[in-house]
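Produce the entire structure from the sequences given, and follow the hints as far as they go.
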Amino acid sequence: MDSPCAGRVGKPGRRHTSVFPVVFAVLVSCFTIPVAEARPEKPSLAVDGSLSFVMPALALPVDSPSDEWLDIWTNYRGAVIVVAALFGVLVALIIALLIQRTQRIHSERSLAERLKFEKLLSEISAALIAVDLERVDEEVVRALSRVLGVLDLDRCALFVLFPADGRTRITHQAESDTTAPLGRESQVAHPPSLYDDLRAGKAIELAGVSTADSPEAESVFSIAVTISDDIVRGILFRPARGRRRGTADLIPRLRLVGEILVPTLMGKRTEAALRASEERYREVVESQTDLICRFTPDMTLTFVNEAYCRYFERTREQLIGKCFLELIPEGPRETAQRHVMSLLENPRVEINEHEVIRPDGTIGWQQWTNYAIRGRDGRIYEFQGIGQDITDRKHAEEAERGLAQASRLALLGELTASIAHEINQPLGAILSNTDAAEMLLDSGPHHLDEVRAILNDIRREDLRASDVIHHTRRLLQRRPMDTQVLAVNDVVADALRFVGPDARRRGVSLEAHLDKSLPKVQGDRVSLERVIVNLLLNGMEAMARQPDSRRRVTVRTGIDAGETVEVQVIDTGHGIPREILPRLFESFVTTRQDGVGLGLSISRSIIEAHGGRIQAENNRDGGATIRFFLPIPQTAHGRRPVALEVS
Amino acid sequence: MSAGAPVIRIVDDDEAFRTAISRVVRAAGFQVREFASAGDYLLSQSEDEHGCLLLDLRMPGPSGLDLQRALSRKENSVPIVFLTAHGDVSASVRAMKAGATDFLVKPVKREALLGAIRTALARDEEQRGARSELSELKARYSSLSARERDVLQHVVAGRLNKQIAAAIGASERTVKAHRARVMVKMHATSVADLVRAADRLGASEPEVPSSA
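Heads up: the protein sequence lines correspond to chains A and B, in order.
In this text, residue positions in the first sequence follow our numbering: the first is 1, and each later residue adds one.
In this text, residue positions in the second sequence follow our numbering: the first is 1001, and each later residue adds one.
Calculated directly from the structure, the hints in this document are not laboratory data.
Beta carbons: idealized from backbone N, C-alpha and C, even for Gly.
Accuracy of the hints is not assured; some may be wrong.
To be verified - Calculated Cβ distances over 12 Å to all of chain A for the following chain B residues: (1) A1005; (2) D1013; (3) R1018; (4) K1074; (5) S1077; (6) T1084; (7) K1109; (8) R1110; (9) L1113; (10) A1170; (11) K1176; (12) A1177.
Said to hold, decoys possible - Computed list of lysine to any residue pairs in SDA-like fashion (alpha-carbon distance at most 20 Å, straight line): (13) K1109/B <-> H354/A; (14) K322/A <-> R358/A; (15) K116/A <-> P252/A; (16) K1109/B <-> S443/A; (17) K1109/B <-> D442/A; (18) K322/A <-> T302/A; (19) K1138/B <-> K1109/B; (20) K1109/B <-> E586/A; (21) K1109/B <-> T564/A; (22) K394/A <-> F312/A; (23) K394/A <-> T362/A; (24) K1109/B <-> K116/A; (25) K1074/B <-> E1133/B; (26) K116/A <-> F312/A; (27) K520/A <-> T564/A; (28) K1109/B <-> L441/A; (29) K1074/B <-> R1131/B; (30) K520/A <-> D490/A; (31) K1074/B <-> L1121/B; (32) K1185/B <-> A1166/B; (33) K1109/B <-> V451/A; (34) K1138/B <-> G1202/B; (35) K116/A <-> D249/A; (36) K322/A <-> H354/A.
What follows is the structure, given as structure tokens:
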């Protein structure tokens, strides 16, 4: 059992090559060798009829050793020898011809056998392609029994082997009339080398396969067809007992059979599994818009799905074997290449976006998530990528950036009055303080203490002004989102502080009801402050026509349904017209005469980029409430990706 | 008409700015009084003092314009110079229409500030002068008897003594005597003086039938 017949692959005989040496040998023997010599063990002989030309017509009978014939012998010795030699040659030739004939019959038979086998293979293949899942098992068994007959086997079966514990399951089998079928499950010997031997493509003699009706185990030859980490599928067989020839020629043939049957079965199973959920199958694989491909580290495509083909309007054949860089415009090609290189060096799951050349020649955008696929040796031999077209999103983002720009300008406009006041106030104080100091110094040296106090004030006012500028800049600057863990109440407090002076000048009272137990959220501080400032300004603006006593904006924070942090901004203004309410968060929709209608749409983008939502409603007692919800991170490490660059 | 140096009142909610402005004004030799809000100013009413008001346009609570409106109903209010951080055109127009002397945008240059203060003080003088003249006239008018007031009405309406005598049912001589007393009591040296005085008093409208 530890001597597998590995490598004993039978080579078909070379029938034509030995003709000339044999003819030559025969001719030489005619003239030089006194005794004919047959060489029956010569493995093969040549072609029919060709020897008849060299056969001499002479057929004189033999020598005679008796006395009467002695004279004759003496006189005709030479002739007798020649005659004897010729006779020997004749015998040799006859024997050679007989051998050659047997050989020919044999090779004809084996040729016919081969043809029969190949015909069988093609019939099996054809039958399996056409068969549907319900009848595939039946068809496989039928194929196995035909193989049984053609290859002269006692048994032939498909098996699934778990090399870890040697568990072997027979999935389909056929056997001769005199052979008992195998049990469904058996335990085979599984030496540590088993997996590697199977993987190396050797045919293994498996000991311990048990038959169904007897506890006795027998040995069979097995050939692995598909091998994954922990499961081996293959074909096993036992040659017929009376079979004269060895197993060497069987192994390649059965391997072929296995290579047809096993993948077909697996394929049919997969297909069936998919068909079992037809709807999902349609959605997820066939008609899905996700592009799926596999490519080698040198970026050659080895697999593409339907969607991929559709996207590029090419067939699989046109794509597979191509380098996918061809599909990327020259400019960004290098970046894409670098990305794959970096994945090789530092394997990770990372989203990569790049431009592609679309079939109509325009440039589109795709987003890919690539996974490294490793062999057992840990080496990356392929990548699988799942991609999407993000051209629309990219365009929207560009538009969004434009809108964001506009909204910053709009917010700037809103804030101008407030900012001017906030900056002019300290500037005014500084200027007047300087004037006063100068006047004091001009009037004589006895006001130094007061001048010192003035200088102190100047410094303080200067810092105050630069604080305002800093804060305003931070609020209006274009910048990528910087997500961090933050307390929403702090952001609300910052926003209230920022609009405070403006509110006082507008005669609006600001109220805050902040829930102290609020959990922290993930978010970009400045963006969120921008949203809140925006909502506060909107609220204050909505109350411009209200009597002083009614001008009040309330900010309330709390936990909504235990899942989200809720922030409400409640005003007592004119409310939102019913016809605008559903579109309130769209761009360029505004309830104000001088409004641009961007503040709320950008606010929505920001909140949605945080995984939250924003909504508006009118209060029953007048005014409106805008509320937004931010998700509370479920886990400490649940850093949610924020893709959108809000500026 | 009380005596004493003018007092510059500053009303601004921003303490730093208010302090700075008051330093300049004080350094220029004026007396200063500071208020943090319109309400504070109204409560500390001291309008008898000469001076002017430096008033922030936008403040929490009643704004500068609100204070201006409240003060305009008073007789003896001081001229107002508005200070604002905003180039708020509509507010400045309203302020000027309502009688503000000047409208300064922060930060305020010393010359502009002191110039505006001087102008305001001059106007205050002027207004106080005018106000005291009027009250003099009123006092004089109130010293007239009913008959003398009647005669005054007719005189400023340009009627002759004879017509007046007919209108009030008295002799021409009596009218003449009344008229002389009116001239004396009203400190008028001519009919024209009398007409001007009556005009200022708003009493020029005769309650006498037409005869112009």
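- Item | Non-interface claim for K1074/B versus chain A (Cβ beyond 12 Å) | holds, 22 Å
- Could you grab the alpha-carbon distance between K322/A and T302/A and see if it respects the 20 Å cut-off? Between K322/A and T302/A the Cα gap is close to 8 Å, so the pair holds against 20 Å.
- Message: Quick check for students: does the CB of R1018/B sit more than 12 Å from each CB in chain A?
- Response: Not fine: 8 Å to the nearest Cβ puts R1018/B too close to chain A.
- Item | Distance rule for K1109/B, whose beta carbon must clear each one in chain A by more than 12 Å | Contrary to the label, K1109/B does not stay out of reach of chain A, its closest Cβ about 7 Å off (not over 12 Å).
- Distance restraint between K1185/B and A1166/B, which requires alpha-carbon spacing of 20 Å or less: Not OK: K1185/B and A1166/B at ~24 Å, beyond 20 Å, violated.
- Item | Hint consistency between K116/A and D249/A [alpha-carbon to alpha-carbon, up to 20 Å] | holds, 14 Å
- Query: If you draw a straight line from the CA of K1109/B to the CA of D442/A, is it 20 Å or shorter?
  - Reply: holds, 17 Å
- Hey, K1074/B versus R1131/B, does the alpha-carbon distance stay inside 20 Å? Measuring from Cα to Cα gives roughly 12 Å; hence the hint holds.
- Regarding the pair K394/A and T362/A, is the alpha-carbon distance no greater than 20 Å? Holds, at about 14 Å.
- Status of the stated non-contact between A1005/B and chain A (beta carbon gap over 12 Å): holds, 17 Å
- Decide, holds or violated, for the assertion that all CB atoms of chain A are farther than 12 Å from the CB of R1110/B. Per Cβ check, R1110/B is inside 12 Å of chain A; nearest 4 Å; violated.
- Query: Does the alpha-carbon distance linking K1109/B and L441/A stay inside the 20 Å limit?
  - Reply: Holds: K1109/B and L441/A sit about 18 Å apart, inside 20 Å.
Checked against the numbered hints above, the structure breaks hints 2, 3, 6, 7, 8, 9, 13, 19, 20, 21, 24, 26 and 32 and satisfies the rest.
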